[in-house]
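From first to last, the protein sequence lines are chains A and B. Take 600 as the starting number for the first sequence in the working numbering and just add one per residue. Take 246 as the starting number for the second sequence in the working numbering and just add one per residue.
FYI, nobody ran anything at the bench for these hints, they're computed from the structure. Heads up, a few of these hints could be off.
[To be verified] No more than 27 Å apart at the CA atoms, straight line, and that leaves these computed lysine-lysine pairs for DSSO-like: (1) Lys605(A) to Lys340(B); (2) Lys642(A) to Lys730(A); (3) Lys305(B) to Lys707(A); (4) Lys662(A) to Lys676(A); (5) Lys643(A) to Lys365(B); (6) Lys602(A) to Lys643(A); (7) Lys305(B) to Lys643(A); (8) Lys602(A) to Lys340(B).
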Amino acid sequence: MNKSIKSIIVLTCICLVVALSLSLVNSITAPVISKHAGDEAAKKLAVMLPGSDLEKLEFDNGKFPSIVGAYRDKGGKGFVFELQTNKGYTGGDIYFLAAVDLSGKIIKLEFNNYPETRGTADAFVNLYTNKNIPVTDTLGGATVASGAIKNAIIEASELFSNYATLEVSDIVSAYPLMPSIMPYAKTESGDIGQKELEIPDGAPSTITGIATPSTGAGYIVTAKSGEELLVLGVNPYGKVFYMSDIDGNDMLQNPDHAQIIEDVESLESIYKKNHNSITDLMIKKEIIASADEAKEVDFGKISSNVVAVYELTNGTAFIAAASGYSGRITVCYVIDSDGNVVDYATLEQTETENHYDGTAYGTEISFNSYAGRFDGLTVDTITDETLLIAGATYTTNATKNAWNDIKEAYAALTQEAE
Amino acid sequence: MNRSSVLLKGIIKENPVLVLLLGTCPTIAITYNVMNALGMAVSAAIVLICSNIAISLLRKLIPANVRIPCYIVIIAGFVTIVQMLCEAYFPAIYKPLELFISLIVVNCIILGRAEMYASKNSVLDSFLDAVGMAIGFAVALIAMASIREIFGSGSFLGFEIPILKDYNIPILGAVPPNGKVYGFGGFFVFAILIAIVNKIMSKKKKPKAEFGCEGCPMADSCNKTECEKEEAE
Chain A
600 MNKSIKSIIV LTCICLVVAL SLSLVNSITA PVISKHAGDE AAKKLAVMLP GSDLEKLEFD
660 NGKFPSIVGA YRDKGGKGFV FELQTNKGYT GGDIYFLAAV DLSGKIIKLE FNNYPETRGT
720 ADAFVNLYTN KNIPVTDTLG GATVASGAIK NAIIEASELF SNYATLEVSD IVSAYPLMPS
780 IMPYAKTESG DIGQKELEIP DGAPSTITGI ATPSTGAGYI VTAKSGEELL VLGVNPYGKV
840 FYMSDIDGND MLQNPDHAQI IEDVESLESI YKKNHNSITD LMIKKEIIAS ADEAKEVDFG
900 KISSNVVAVY ELTNGTAFIA AASGYSGRIT VCYVIDSDGN VVDYATLEQT ETENHYDGTA
960 YGTEISFNSY AGRFDGLTVD TITDETLLIA GATYTTNATK NAWNDIKEAY AALTQEAE
Chain B
246 MNRSSVLLKG IIKENPVLVL LLGTCPTIAI TYNVMNALGM AVSAAIVLIC SNIAISLLRK
306 LIPANVRIPC YIVIIAGFVT IVQMLCEAYF PAIYKPLELF ISLIVVNCII LGRAEMYASK
366 NSVLDSFLDA VGMAIGFAVA LIAMASIREI FGSGSFLGFE IPILKDYNIP ILGAVPPNGK
426 VYGFGGFFVF AILIAIVNKI MSKKKKPKAE FGCEGCPMAD SCNKTECEKE EAE
């Protein structure tokens, strides 16, 4: 017993002495370390905006949880934001710096501790540098991190607008309406993943902006009718199926804006480009031998995941694009007049690679074995079970969404023919 | 054993890295350049010397059944002090060594010498043993780092060596522009150095009987009272 008590006393005393020594050394070194950290941080910030004299900005942390620090150059060069998001793919914090000039353009982006897939940090830098805030693009193959980083930059842009006059383009101001205009284009996280397109040369002057969701299932176009800004939803064929003002009030039947619909539907070069890329994919996947074999079918104003329908020699090809785990999945079903599925191909996908245990996960949809599932099936006998990919829920949901819309389109086309 | 042999044995005959094969993790991990090796050697030396002195001072007070926790608390305390001082006053050296300084706590050299020598010998002898081991550790680290940096990246202490720069062998563990370090080079150079030391030592090998139990690192766990006799090579 005495031995045990002695052991306890000796160990406790040693611990106390060590703890006291550590606290003494810490009291001396902590201020020095803190100053180093501050100098280091100041150096990193100065590098973001060379030649700047930064002053720290005050803001409500509760309203801007992703913003760690915000600084403005006293000389008017711009702003530097320290941003942090804890919603990366691997669950780790992503800490990065963004330098923004007074026009709202991101002039430098730096990731200090990117915990995700290697090389992806550089891809984000390439994606967002020289883009205006709030950014809208996302990085293919990095869906979760994209959303987190994009949202952090959007928070920075909101804070930026408190301190600088930020002009938001017409098309960007229409983005909040996109989820209601194209609900089928949402990703699993609820994002649309907008991509702004260039307005083609020669386009009517009423057109002020064009964007497409990441699935490519249609377009959003903004146009000016007099002083009024209108937002139009356009299907992949270039047919307008939605028109409202910037507040979402329906304007589709308003005769005053009929010219705008004509102007938007005249942007054929954009809609044609989309279709050229689809026929290229069909040739690559041996659905057709050349683009001449595919005759485009237009069956009115539709809004769904169906991006194209072509009449082929062996049936009708329905192409749909839906949002999978990592990005767009584009599928092609060729259905004959009796409703038999005569051919299938996954035209494009960027799903999860083969797992180390041999499980294919999402990429299974590109395998011949997956296409083989549809042999002998008809429009009515394809079930959820047919489309199921074990362990790849998002991919399965995307293929189900695509198939359901194709089934609807097939039914509509059949009815129209009758 | 006289005091000079206590000091000198740690440098070659009982070199902690190349003969006793202790502390190999930091040895392989940080010896891709000489500056890191120097930083690690100095940090480990301070901890080794201070902990040996402290443990030797307390050797009669610490009960046998709690000796290991006590040693670890003392060693961890010194490591943390070294870490705080390094971070405060030598931040440039601290940055690349940050992780490895923390790992000195579990460096076999420190705990091994505390258990095998400092807990059984006087303060002066323990101090000399620690100095000898620290010098031996530093010699091993610097030898490895020199080979890896000179032939791996064509430089020494960060200064480029003109001819070697063009003919360097990156896989030996140098740090190319992309910051990658190759572990293979560390193991390879380590193996070469151990082979060289073994060759030198084999010529001077004494029969086991002359070694005696007193100098044997396995003395505490071995049940024998004497080693079996063996003819010297």
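Outcome of the hint check:
no.: 1; hint: Lys605(A) to Lys340(B); in the structure: violated, 41 Å
no.: 2; hint: Lys642(A) to Lys730(A); in the structure: holds, 24 Å
no.: 3; hint: Lys305(B) to Lys707(A); in the structure: violated, 62 Å
no.: 4; hint: Lys662(A) to Lys676(A); in the structure: holds, 25 Å
no.: 5; hint: Lys643(A) to Lys365(B); in the structure: violated, 51 Å
no.: 6; hint: Lys602(A) to Lys643(A); in the structure: violated, 57 Å
no.: 7; hint: Lys305(B) to Lys643(A); in the structure: violated, 52 Å
no.: 8; hint: Lys602(A) to Lys340(B); in the structure: violated, 44 Å
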